[in-house]
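Chemist: In case you want the letters, here they are:
4 protein chains.
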Amino acid sequence: MIKFGVIGFGYWGPNVARNLDTLEDSKVVAICDKSPTARKRAQQAYPHVKITGDAAELVESPEIDAIAVVTPVWTHYELTKAALKHGKHVFVEKPFTSCVRQAEELVNLAEQKNLRIMVDHTFLFTGAVRKIRELVDAGSLGKLYYYDSTRVNLGLFQHDVNVVWDLAPHDLSILDYLIDKRPEAVVATGQTHLNGHEDVAYITLYFPDKIIAHVNVNWLSPVKVRTTFIGGEKKMVVWNDLEADEKIKIYDKGVHITSQQGVYNLLVNYRSGDMWAPRIQPGEALKQELQYFIECISENKQPFNDGVAGLRVVRMLEAATKSMQKRGELIEV
Amino acid sequence: MIKFGVIGFGYWGPNVARNLDTLEDSKVVAICDKSPTARKRAQQAYPHVKITGDAAELVESPEIDAIAVVTPVWTHYELTKAALKHGKHVFVEKPFTSCVRQAEELVNLAEQKNLRIMVDHTFLFTGAVRKIRELVDAGSLGKLYYYDSTRVNLGLFQHDVNVVWDLAPHDLSILDYLIDKRPEAVVATGQTHLNGHEDVAYITLYFPDKIIAHVNVNWLSPVKVRTTFIGGEKKMVVWNDLEADEKIKIYDKGVHITSQQGVYNLLVNYRSGDMWAPRIQPGEALKQELQYFIECISENKQPFNDGVAGLRVVRMLEAATKSMQKRGELIEV
Amino acid sequence: MIKFGVIGFGYWGPNVARNLDTLEDSKVVAICDKSPTARKRAQQAYPHVKITGDAAELVESPEIDAIAVVTPVWTHYELTKAALKHGKHVFVEKPFTSCVRQAEELVNLAEQKNLRIMVDHTFLFTGAVRKIRELVDAGSLGKLYYYDSTRVNLGLFQHDVNVVWDLAPHDLSILDYLIDKRPEAVVATGQTHLNGHEDVAYITLYFPDKIIAHVNVNWLSPVKVRTTFIGGEKKMVVWNDLEADEKIKIYDKGVHITSQQGVYNLLVNYRSGDMWAPRIQPGEALKQELQYFIECISENKQPFNDGVAGLRVVRMLEAATKSMQKRGELIEV
Amino acid sequence: MIKFGVIGFGYWGPNVARNLDTLEDSKVVAICDKSPTARKRAQQAYPHVKITGDAAELVESPEIDAIAVVTPVWTHYELTKAALKHGKHVFVEKPFTSCVRQAEELVNLAEQKNLRIMVDHTFLFTGAVRKIRELVDAGSLGKLYYYDSTRVNLGLFQHDVNVVWDLAPHDLSILDYLIDKRPEAVVATGQTHLNGHEDVAYITLYFPDKIIAHVNVNWLSPVKVRTTFIGGEKKMVVWNDLEADEKIKIYDKGVHITSQQGVYNLLVNYRSGDMWAPRIQPGEALKQELQYFIECISENKQPFNDGVAGLRVVRMLEAATKSMQKRGELIEV
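Chains as they are written, first to last, in the working numbering: chain A, -5 to 327; chain B, -5 to 327; chain C, -5 to 327; chain D, -5 to 327.
Where hints are given, some of them may not hold.
If chains are identical, the list can't say which one is meant, so a pair holds when it fits in one copy or spans any two.
Quick list of in silico lysine-lysine cross-link-like pairs, PhoX-like style, CA-CA up to 25 Å [stated by the list, open to error]:
hint, residue 1, residue 2
1, Lys(-3), Lys107
2, Lys218, Lys228
3, Lys175, Lys229
4, Lys204, Lys218
5, Lys34, Lys175
6, Lys(-3), Lys137
7, Lys229, Lys21
8, Lys(-3), Lys228
9, Lys243, Lys125
10, Lys137, Lys218
11, Lys34, Lys21
It is worth saying that the hints were derived from the structure and are not from the lab.
Produce the entire structure from the sequences given, and follow the hints as far as they go.
Modeler: Written out as C-alpha cells, the structure is:
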C-alpha cells in the first residue's frame, strides 16, 4: 500500500486524489492546498484525511511514501526537489518544470536517491494514443513522414505561461512517445495579442530521416479543434479527439513515385483504399497512469514517462519559446 | 467585343475558353496547345475557332486583343512578355511568374505599353472571399489577430514546383486581398519526402500591427481540408470551403482582458454569442473574374488583381521557399 | 425550506438528490432504495441523511413535504398515489405512469388534495428547447408544417417497456410544449427483433391545421442520433442535441407558391437566406426544473409540466403502442 | 451497334444521350423533345443527329433498335407502349409508370414481343449500393433487422406527383434490390402543405421475417439529407450519400440477448467493435447501367432492373399513396 500526499486541490488535483484513493494499492493520507476554499472542498470529500495549507507537512511526513504535485508549473521544481530530498517518489503535473536546468537537477537527484519521478503526460495513457503507438510499433504506417497537430480553442488564458507551455506539452509528449528518434531542431513563430504572452503559436520540429512535426496552438480560436494528422508511407492516420466514437481513422492511402526519368517522366501513383476506425479501449487514462506509477514504485522500475521524458518535453518547450522570441530562428535541441 | 486567344487547353484552359466564349463582350478566336490531344478536344468544342500548336500565331495575330495564358508557371514569363510586346492585354494563371524579377519586368512592360495584366487569383471572386472582405471592410471583425489556413490533400504532385508554389498562392492572394497591410517577413519550414520538391510546408507571415498569418500546405494528407480561421477582436470567422452550404461561419466570440494589476490579477472575460452563416452569393467565380477583366480592358482601368498584386504573391512565394530551404530563416519581404 | 424524500437512487436519482440538496430552498431528508448497494452509495454521499429500503417510511413521514419518485415506470402509480394520500407534493420521473387510467386518477387525487405533481420532462428546461419555444412564441417560424425527430442508439434495452415508452416521451413532451394544439390521432409502426418488446418504432401524430409530427425511435442503431427538424412557413430549425456548441440552427429558407393557374403554371419560389445558430443558455436543466418545482410549491401555482401534461404524454404513448400493435391503425387521441 | 432514339432532352436526357453516344456498342441516331429550346441544345451537342419534336418519328423509325424514354412519368406508359409495339427495346426513367395496371400491361407486352425493358433505377449501379449488396450477399450483416432511410431537401416541388412518387422510388428500388423478400404490407402517413400534393411523407413497409423498412421523404427540409441505416444481427451499415469519400460505414456492433429467465433476468450484451469504410468503386452509375442494358439486348438476357422490378416499385408507390390518403391504413402489397 503506497501512501500518497497530494499537493494542489484545484482543477486537476481532485481527479488525482480520487484515483489514488480508489486504486487497490494506494491511498491518500494527506492533501495540501494554499486556498482555504480548496481545503474545505478536500475536507468534505475526504473527511478522514489530513488537510493542510503547508506543503512541508506532507513532504516531511515519515508516513508518506509518494507525493503528487498538482500545482502551477512555477512551483514544480521546489516542491519536487523537497519531496525527493525527503525520500518521496513524485508524480508531477506537466510540464515537468519551467526550464531545462531545473528538470536536469531533479532527474539527477532522483537518480542519486533511487526514487521514481513520473510526469503526468496523461494523453499517453488514452486508448487513442496507445492504439496509434501500436500501429507505429507494428510498422503498419510504414516510414513516418509527418505529425501535424492542431490544438486550438478560446482561452483559457494563463497568466504565467504562453500558449506553447499551456497547450503544446500534450503534442510534444505524444511526439516523443510515438517517434523513436529525437528532434534535431525547432523553429517556432507566434504572436502576442492580449496579455503579454504569446496566444498564437506554430512550432515545427525537424527530426532525423526527414520526419517533420508541426504543432498549431491558439487561445484565440472561435471553435475547439483537437486534430492530428500522421502521415506514413503505407498508411495515414487522422485522430480527432473531439469525436465521441471514431477518434482514430486509419487510411489506406499513399503516393508512390515509381520512376523519375527526367523531370517530365515522373510517374506518380496514388493509392486509395479502405478507411478503418479501430475500437478504442475505453477507461480513464489517469487511472491507468496512476496504476502504472504504483507498479513502478512497487517493482522499482523506471516509468517510460519519467523525469527524463519530462525533461525532453521541457527542452522542446524551451527551444520553441526561444525560437519564437527570435522570430523563427532555428534552435537546436 | 474583345477577341481572345487562349494559350493552354489542359485542365483549366477549357473553363477559361468557355467563359470567354459565352460572355457578352468577348469571344475566343484562337486556341493554342502543344499537345495534339488537347488540340483535338479544342477543335471538337470550338469547330469554328482557329486551333494551333504555335503560340506565336496567337501572340502576333493582329486580330487578337487579349491573350489568356493558361499554361504551367515556367512558361508564363515568356508568353506574357511576347503578348505584351505585341500589344495584347494578358490574363495569366497563378502564380504569375517563377520569380520576382520576371514579375517586375512584366509589370513594367505592361505599364509602358498601357496594357492590362490580370493574374487569375480566382478565389478572390468567390462568394465566400467577397463576403469575408465585406466583413473586414465594414469593420465587423474588429482589429485582425490572425489568418490561419490549412490546405491539404493527397497529391496532385507537380514535377516542376513544390507544394508552396502549388497550393499556397490561393491563401497568399486571399491574405493580400483581405489585409490592407503588407507582410514584413516570412518564416517557412517544410520537408521533401518523395520527388525532390517539398511536399509538406508551413508558412508564417508577420504583418504590421501584430497580425500573423499561417498557411499549412501538404500533398501527403489522407483527407482533403480547406479550412481557414480568421481571428479578430470583435468577431471570428471559420471558412470551410468544402461545405456545400454553410461555407462561412461568423462567431460572435472574443476575449477581453480588462485589467492587469500585477500578473495574478489579470481579469480575462470570454464573450460567447451567436454564430451566423451568411448566405453566400452563388455563381461561377471565374466567370465573374473574366467579366471584370473585360470591363477593365474596355474602361481602361487597373484590376485590383493586376500584375502588381501577382508580383506581391510571387514575392511571398519566393521568400517562403528561400526561408524553407534555410530551415526557417526569417526572410524580409 | 421544502424537505424532500427521494425514492430511487439508481442512475438518475443521485442527480435529483444532489440538486435538491444544493438548491437554496430545499433539502433532502431521506433517501430510499430497495438495493443495498444503492443505499450504501447514498449513505456515503449523504452521511447525515436517513437512508432506508422502505418507501413507506418516506411517504408517511410527517417531516417530509415532497417526494421525488425516481424509480421504474411500473412503480410510479403506487408510489405517487401513496405520497399524495399522505399530503406530499410529488416530482415523478417520465413517463408519468404506465397507462392513461392511472395518470387520470393521480391528477384527480392531486387536485382534490391541492397538491403539486411535476413530471420530470427535463428536456423542457434545456436551453435548446427553451430557445425553440421562444422562436415559436415570437412567431419567427411562421405557421408550423412539421416536427420530425430521430432519436436512435444502440440499446439500452429495457426489460419492462418497448422503445416507444423508453425514448419517445422526450419528443412527445417537447411536441406538447411547442405546439399549442393537441394531436388528433396517432399512427405507429414498429417491429420486435430481440426481447419481446418493439425495438424499432415510427410514430406519426396528426395535429389540427395540417401540422404533422413524426418520431423515429430505435434501440438497434449503430450510431447515436438526436436530431429534430422543425419546418415552418417562415423559418426552419435543425436541432442536433449531440453538437457541443451549435445545437440549434435556424434557416431562413422557405418555399412560396405564388400562383396556380392550372397545374402546369405552378410558380414555386425558393427562398434561401442566412443560417443562424443562437447561443444557447448554459446550465443544468434538471436544476432549473427542480428550482421551478420548489417555486410552484411555495407559491401554490400549477407547473406547466404538471400531471395533466404528463397525462397527455401517456395518452400519446398508449395510443402509439396500440396503433403499432395493430400495424398502423389510426388511433384517435 | 445498338442504335438509340432518345425521347426527352430536359435535365436527365442529356446524360443518357451522352453515355449512349460514347459507349462502344451503341450510338444515338435521333433525339426528340417537345421544347424548341431543348431541341436547340440537342442540335448543338449532336450536330449530326436527327432532332425532332415528334416522338412518333423515333418510335416508328426502322433504323432505331431501342428507345430511351426520359420524360415525365405520366408519359411513360404511352411512349413505352408505342415503342414496344414497333419492336423497340425500352430504357425508361423511374418511376416506371403512373400506376400498377399500366406497368403490368407493358411487362406483358414486352414479354410477348421478347423485348427488353430496363427501368432506370440508377442508384442500383452506384458503387455504394453494389457494395452494400455484396455485404448482404456475403452474409456479413447477418439476419436483417431494418432499413431506414431519410431522403429530404428543399423542393424541387413537382406539379404532377407527390413527394412519395418523386423521392421514394430510389429507396424502394434499393430495398427491392437488397432484400430478397417481397413486402407484405405498407403503412404511410403524410401531409400536404403547399400545392395540393403531399410534400412530407413517412412510409413503413412490413417484410417477412420481421424485417421492417422505413422511408422519410420531405420537400420542406432546410437541409439536404441522404442517409440510410441498415441494421443486421452481425453488422450495421450507415450510408451517407452526401459524403464525398466515406459514403458507407460498416459497424461491428450488435446486441445479443443471451437468456431470459423471467423478465428481470434478461441478459443484454452489447458488442462494439471497429468501424470500417470500404473504398467505393468510382465511376458513373448511369454509364454502367446503360452498358449493362446494351449487354442485355445483345445477349438477349433479362436485366435485374427490368419491367417486373419497375412494376414492384410502382406497386409499393401506389400502396403508399393509398395508405397515406387513408391516414395510415394498412395496404397489402
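Chemist: Hints first: check each against the structure and report whether it holds.
Modeler: Here is how each hint holds up against the structure:
no., hint, result
1, Lys(-3) - Lys107, "within (19 Å within a copy, 58 Å between copies)"
2, Lys218 - Lys228, "between (30 Å within a copy, 18 Å between copies)"
3, Lys175 - Lys229, "within (19 Å within a copy, 41 Å between copies)"
4, Lys204 - Lys218, "between (30 Å within a copy, 23 Å between copies)"
5, Lys34 - Lys175, "neither (46 Å within a copy, 52 Å between copies)"
6, Lys(-3) - Lys137, "neither (44 Å within a copy, 53 Å between copies)"
7, Lys229 - Lys21, "neither (44 Å within a copy, 44 Å between copies)"
8, Lys(-3) - Lys228, "neither (47 Å within a copy, 48 Å between copies)"
9, Lys243 - Lys125, "both (11 Å within a copy, 20 Å between copies)"
10, Lys137 - Lys218, "between (30 Å within a copy, 21 Å between copies)"
11, Lys34 - Lys21, "both (20 Å within a copy, 21 Å between copies)"
Hint violations for this structure: numbers 5, 6, 7 and 8, all remaining hints satisfied.
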